[in-house]
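S.K.: Note that the protein sequences, when read in sequence, are chains H and L.
Just so we're aligned: 116 in my numbering is position 116 of the first sequence, and the numbers increase by one with no gaps anywhere.
Just so we're aligned: 103 in my numbering is position 103 of the second sequence, and the numbers increase by one with no gaps anywhere.
Heads up, a few of these hints could be off.
One copy or two, either will do: identical chains are not told apart, so a pair holds if it fits within one copy or between any two.
Lysine to any residue pairs mimicking SDA-like chemistry, simulated, CA-CA at most 20 angstroms apart [to be verified]: (1) Lys308 / Ser200; (2) Lys290 / Thr30; (3) Lys245 / Ala153; (4) Lys79 / Phe177; (5) Lys79 / Asp210.
These are calculated hints, taken from the structure and not from any lab test.
There are 2 protein chains.
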Amino acid sequence: MVCVCPNIPVYNNSEMKGRYYEEFEINVKTGESNLTQIYLKEGLDFISQQAVAQRPFFLYWAPDATHAPVYASKRFLGKSQRGRYGDAMMELDDSIGQILAHLVSLGIHNKTLVFFTSDNGAAVMSGPLQSGSNGPFLCGKETTFEGGMREPAIAWWPGRIPAGTVSYQLGSVMDLFTTSLSVAGVLPPDDRVIDGLDLSPVLFNNSLLDRPIFYYRGNQLMAVRIGQYKAHYWTWSNSWEEFNKGINFCPGQEVPGVTTHTQEEHTMQPLIFHLGQDPGERYPISVESKEYRDVLRRVTAVVEQHQKDLIPGMPQLNMCDLAVMNWSPPGCEQLGKCLKAPESNPWKCDWPH
Amino acid sequence: MVCVCPNIPVYNNSEMKGRYYEEFEINVKTGESNLTQIYLKEGLDFISQQAVAQRPFFLYWAPDATHAPVYASKRFLGKSQRGRYGDAMMELDDSIGQILAHLVSLGIHNKTLVFFTSDNGAAVMSGPLQSGSNGPFLCGKETTFEGGMREPAIAWWPGRIPAGTVSYQLGSVMDLFTTSLSVAGVLPPDDRVIDGLDLSPVLFNNSLLDRPIFYYRGNQLMAVRIGQYKAHYWTWSNSWEEFNKGINFCPGQEVPGVTTHTQEEHTMQPLIFHLGQDPGERYPISVESKEYRDVLRRVTAVVEQHQKDLIPGMPQLNMCDLAVMNWSPPGCEQLGKCLKAPESNPWKCDWPH
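Throw the hints in and build the complete structure from the sequences for me.
M.R.: Here it is in structure tokens:
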């Protein structure tokens with residue numbers, strides 16, 4: 001069977017507006033595409049409409065220019081010091097500047113929270129043209145090392161958040177759900193456990209909430225962070241099979257015993273790093289040290305509590321099925337772009353990325 | 001023979017004021033020392049004296065808190081998010097802030113150029129407590145990879161240099177000699193070749209001077225940078241002998257064929273990287289590509305010109321001699337701290353760091 005995958009669909013809310021390379025041109029060779037400008041116009045227009053109607057709004061503006069295939073529009077191509085990835089970043093920066101300026105020009109900046117972050121670290125396995133850099137952090141996207149998981153974030157709300165404030169709060173994108181509800185004055189549903197924390201005290205009072213962060217890959221708890229410490233219960237970069245094909249999630253950053261190509265269990269004696277002193281996860285703390293024993297005791301209690309409280313959901317990423325790809329997304333009829341899906345034939349994937 | 005090395009002397013101009021651990025306390029275990037505060041007071045007092053006397057001045061303020069043994073004073077110890085190295089950095093930052101504020105309070109900020117930079121990248125071979133981080137750059141101090149050589153710099157001169165200006169100019173600390181003379185309105189001596197460029201046009205007009213940078217180790221030309229490209233003619237991190245003792249200049253950053261432990265010659269076919277697309281020097285440009293051939297042609301011309309123009313000096317770092325260590329620096333008599341030097345017995349060191 002020859003598998004032809006559907007091209008990536010572009011949505012506005014839950015409706016497909018077209019697909020990569022079809023309705024939305026991307027020149028993979030040169031990296032030129034005006035897709036970010038299209039997203040920008042959609043975002044600005046949406047904000048204008050809500051402002052005119054004096055409606056409160058939630059905009060999830062999710063540009064993908066730094067995701068392979070990395071692209072930028074003509075005005076930005078070749079303009080950065082950092083290759084095609086840098087060009088894409090420059091266009092995102094410019095676009096976000098335009099969104100902020102638009103909020104100011106509409107006079108709604110004093111009642112709008114803007115939160116900027118990424119869902120994962122830069123991919124570093126795509127060669128020099130399409131790869132980002134995670135600076136001092138280990139490996140990249142797909143992994144549970146810091147390069148794959150740790151993201152900076154910027155919160156902007158003139159009049160509510162003092163400019164230049166720095167926070168060391170640990171957070172996760174799950175917190176944005178809870179925080180958005182809180183900011184909008186809405187209570188979260190009380191019929192389920194909500195994992196996200198309300199970050200309002202952090203944003204508005206620079207409070208520091210003591211909370212752990214759990215690093216999962218599929219439904220496997222790989223690592224836990226408490227404060228400056230991170231304990232790895234499992235390590236894995238990618239399989240030898242993938243690695244030997246030239247796919248490397250940690251190019252030039254192999255740390256023996258850490259960036260392993262087999263799924264290594266350390267649950268009896270986790271690898272513990274102090275991310276303040278060792279942001280690159282290169283020097284595990286000696287298991288003989290008092291520091292190790294103290295941290296292990298604290299982190300063990302946190303993990304036990306987590307596992308006791310956890311109500312496991314159905315893993316959505318452990319099963320692979322060609323039928324669930326975007327063959328016929330909502331909106332495809334209108335465009336005449338529905339594709340026939342293959343029959344459902346799910347198989348278990350081994351810890352897929 | 002048991003070799004007892006003299007402790008590091010602390011100088012004020014060319015006079016020793018004492019030695020590490022003797023006159024100047026540094027607790028190697030806790031990392032506590034008030035040495036940066038002593039340097040700071042000296043600097044501030046010197047500036048005050050010149051301002052009062054209305055004398056022009058040149059201050060080379062060279063704190064060493066981030067050099068092993070890394071130290072910070074009590075007020076900063078344990079205060080950063082980045083271990084002892086971060087504490088030292090925080091104290092330097094605070095000290096430089098005080099120097100700038102002092103210039104402002106004396107009203108001489110509008111006629112003072114402040115230039116902040118480092119002579120090399122952070123050492124990364126000293127374990128998590130004493131190591132810095134060179135972010136996305138390869139390896140650290142001692143090497144000719146970007147982590148060892150590339151440094152940011154900040155120039156400050158209110159009224160002459162607009163705040164927030166960014167320059168991509170390549171420079172070297174040798175330029176500071178020429179630039180300082182230029183700013184002071186003094187002509188450099190004309191009886192010798194001066195390697196440093198006058199960076200005034202860069203500082204005051206944001207000009208961009210097209211110039212190569214040569215990376216030496218001892219008297220061996222290791223690499224050359226032109227624009228965004230860097231060509232390695234030789235690669236070497238450190239020897240197997242040193243490496244096998246646990247000294248690693250590129251911990252967790254081995255790039256096969258690049259961070260070599262033998263001195264590898266590539267003069268016939270240099271490794272070429274595009275530092276914009278590949279700041280970590282991980283993906284050599286294919287020697288089969290047109291890009292490679294174009295860059296090689298340009299860089300070859302630059303190297304040939306350089307070697308034609310070069311008047312070699314006597315290498316000062318290729319000979320080792322215990323007798324030239326700081327046994328009896330000027331000022332030692334006054335302190336009663338002169339040590340008897342061993343007899344001079346120079347030997348050739350192999351590309352010492």
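S.K.: Hint by hint, say whether it matches the structure.
M.R.: Status of the hints after comparison with the structure:
Neither within a single protomer nor between protomers do Lys308 and Ser200 lie at most 20 angstroms apart by alpha-carbon distance, with minima of 27 angstroms and 65 angstroms respectively. When the C-alpha separation of Lys290 and Thr30 is checked against a cutoff of 20 angstroms, the pair qualifies only between copies, where the shortest distance is 16 angstroms, while the shortest distance within a copy is 55 angstroms. For a Cα distance limit of 20 angstroms, the shortest separation of Lys245 from Ala153 qualifies neither inside one copy, at 34 angstroms, nor across copies, at 41 angstroms. Taking the shortest Cα distances, Lys79 and Phe177 never come within 20 angstroms of each other, neither inside one copy (36 angstroms) nor across copies (33 angstroms).
Taking the closest pair of Cα atoms, Lys79 and Asp210 come within 20 angstroms of each other only across two copies (18 angstroms); inside a single copy the shortest separation is 42 angstroms, beyond that limit.
When each numbered hint is compared with the structure, violations occur for hints 1, 3, 4.
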